[in-house]
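Under the numbering used here, the letters of the sequence shown match residues 554 to 1001, in that order.
Just so you know, these hints were derived from the structure itself, not from any lab. A hint or two may mislead.
Have a look at the derived ranges for each label pair, beta carbon to beta carbon [what the hints assert, rightly or not]: (1) D922 with H861: 29 to 37 Å; (2) K628 with F808: 40 to 48 Å; (3) A713 with K900: 32 to 40 Å; (4) A614 with D644: 14 to 22 Å; (5) R832 with E976: 39 to 47 Å; (6) E739 with K628: 14 to 22 Å; (7) R982 with G921: 38 to 46 Å; (8) G799 with N747: 23 to 31 Å; (9) Q732 with T620: 24 to 32 Å; (10) L698 with D857: 53 to 61 Å; (11) D922 with D833: 37 to 45 Å; (12) G921 with G576: 37 to 45 Å.
Computed cross-link-like contacts, EDC-like style, restricted to lysine to aspartate or glutamate with a CA-CA straight-line distance of at most 16 Å [stated by the list, open to error]: (13) K949 with E911; (14) K593 with D622; (15) K588 with E605; (16) K900 with E947.
Idealized CB from N, CA, C, for every residue including glycine.
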Amino acid sequence: MKITIFGTGYVGLVTGACLADVGHDVLCMDVDEGKINKLKNGQIPIYEPGLESIVKHTFEAGRLSFTTDVEEAVKHGTLQFIAVGTPPDEDGSADLQYVLAVAKSIGQYMDEYKVVVDKSTVPVGTGDKVKAAVRAQLDKRGLELAFDVVSNPEFLKEGAAINDFMKPDRIVIGTDSEQAADLLREVYYPFNRNRDRMIFMDIRSAELTKYAANSMLATKISFMNEMSNLAERLGADIEAVRRGIGSDPRIGYHFIYPGCGYGGSCFPKDVQALARTARDCDYDAKLLNAVEAVNYAQKHVLFDKISHYFQGNLDGKVVALWGLAFKPNTDDMREASSRTLMESLWKAGAKVQAFDPEAMNETQRIYGDHDSLILCGTKEQALKGADVLVICTEWKEFRSPDFDAIAGTLKQPAVFDGRNLYEPEMLERYGLTYYAIGRGQNQFHSAG
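Using the sequences provided together with the hints, build the complete structure.
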């Protein structure tokens, strides 16, 4: 099938590459000429495990191509996937200007039946707005062309997006058109062979499904972070609690890991957008607001621990920071806890020596040559001359470091772990004071 993808970010590029990988003829369109030129030259603008090889071989095979020409993109595919960004507005609502701009372009250039597929995460009711935007352009042209609008939300985890697309848990399709449904069945047939993963519903329910899913997961994280703060004050160990409740199959172990707050392009934005949607409906979504408030506070927990350790005097202190991306296996730093921490440390007069396996270039792009930031080539280099060590991202290479080297290099043998990677007793054997999330003991001791 001929398929057009608007947008070459995480969702658009992964969707286009994976559809091309199973044999579809995919054209990806983006207004960023520099990005398109890089893609044509085999340069992937994002880090996602496995993506580069798929893009390369499907491009060379002629099944995946790239363009900045809107008219060419609209003419190419019967299916027009919209996978552009929906950044939050100042009031927390999703900004639909890019989605509606694509819809307008489709209406301007289409000359036959099209299925417009909302792949971007969009508020409930966006399908109606997309339909109106396409229809308005057709009316201007004096045309009565048939088209359908479908909601097909993505459920891709950054760092595991290829596997999520190739082996989906579910494929949600929101449509009231049997013709569109049949075309989507054909598109997803290669991913749907051993059992039927497709779930059909109305458009508004599909749009809400995406927000509800991310908000549920964010709720689990904020709940565990709330419990971790309580555990510290009660002298309990949240990791033991996690194992105790996770063994209940009604709860399970997924998304109940305490930490220094969630980030990324999805959870923060989607919780805020759904809460805004609730307000627009004159409904006070108390739980959603609490989830967001808990996460905001959790992002400051590490700084509070460090500040308490140094008795409020951080001026001139050097902090080694391991992990900058909001999660492992990505270079994405949107809403990352590391950003909140670094900016708080800088405001208090501290300097940061940071290392991340993938997010160094993104950090450089965001902060430039910040006077109080040194980007180090290795995690060991980040330790040199540092007073203490802080961990913000649970990369695999941080799980079994040389603790003797850490203890021997830091000016003050203290480790602040925002992801609970280690056991307190083990670090104590190496002479390291360990400050984790919700581990009960030693959480409020000061330096010296």
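Verification of the hints:
Checked against the hint of 29 to 37 Å, the pair D922 and H861 passes, with Cβ atoms roughly 31 Å apart. At roughly 43 Å, the beta-carbon separation of K628 and F808 lies within the given 40 to 48 Å, and the hint holds. Roughly 35 Å separates the CB atoms of A713 and K900, a value that falls within the hinted 32 to 40 Å. Separated by about 45 Å at the C-beta atoms, A614 and D644 break the suggested range of 14 to 22 Å.
Between R832 and E976 the Cβ separation comes to about 44 Å, which falls inside the hinted range of 39 to 47 Å. The hinted range of 14 to 22 Å is satisfied by E739 and K628, whose Cβ atoms lie roughly 20 Å apart. Remark: the range hint 38 to 46 Å for R982 to G921 is upheld by a beta-carbon distance near 41 Å. In this structure, G799 and N747 meet the distance hint of 23 to 31 Å, their C-beta atoms being roughly 28 Å apart.
For Q732 paired with T620, a C-beta distance near 27 Å keeps the hint of 24 to 32 Å intact. Between L698 and D857 the beta carbons are some 59 Å apart, a value that agrees with the proposed interval 53 to 61 Å. Distance hint check for D922 and D833: the Cβ-Cβ separation is about 42 Å, which falls inside the suggested range of 37 to 45 Å. At roughly 44 Å, the beta-carbon separation of G921 and G576 lies within the given 37 to 45 Å, and the hint holds.
A C-alpha spacing of about 12 Å is found between K949 and E911, which places the hinted pair at or below 16 Å, so the restraint holds. Between K593 and D622 the CA atoms are separated by roughly 14 Å; this keeps the pair inside 16 Å, and the hint holds. Simply put, K588 and E605 have alpha-carbon atoms about 14 Å apart, close enough for the 16 Å limit, and the pair holds. Taken as a hint, the K900 and E947 pair is broken in the structure, with Cα atoms around 25 Å apart against an allowance of 16 Å.
Of the hints listed earlier, those the structure fails to meet are numbers 4 and 16, in rising order.
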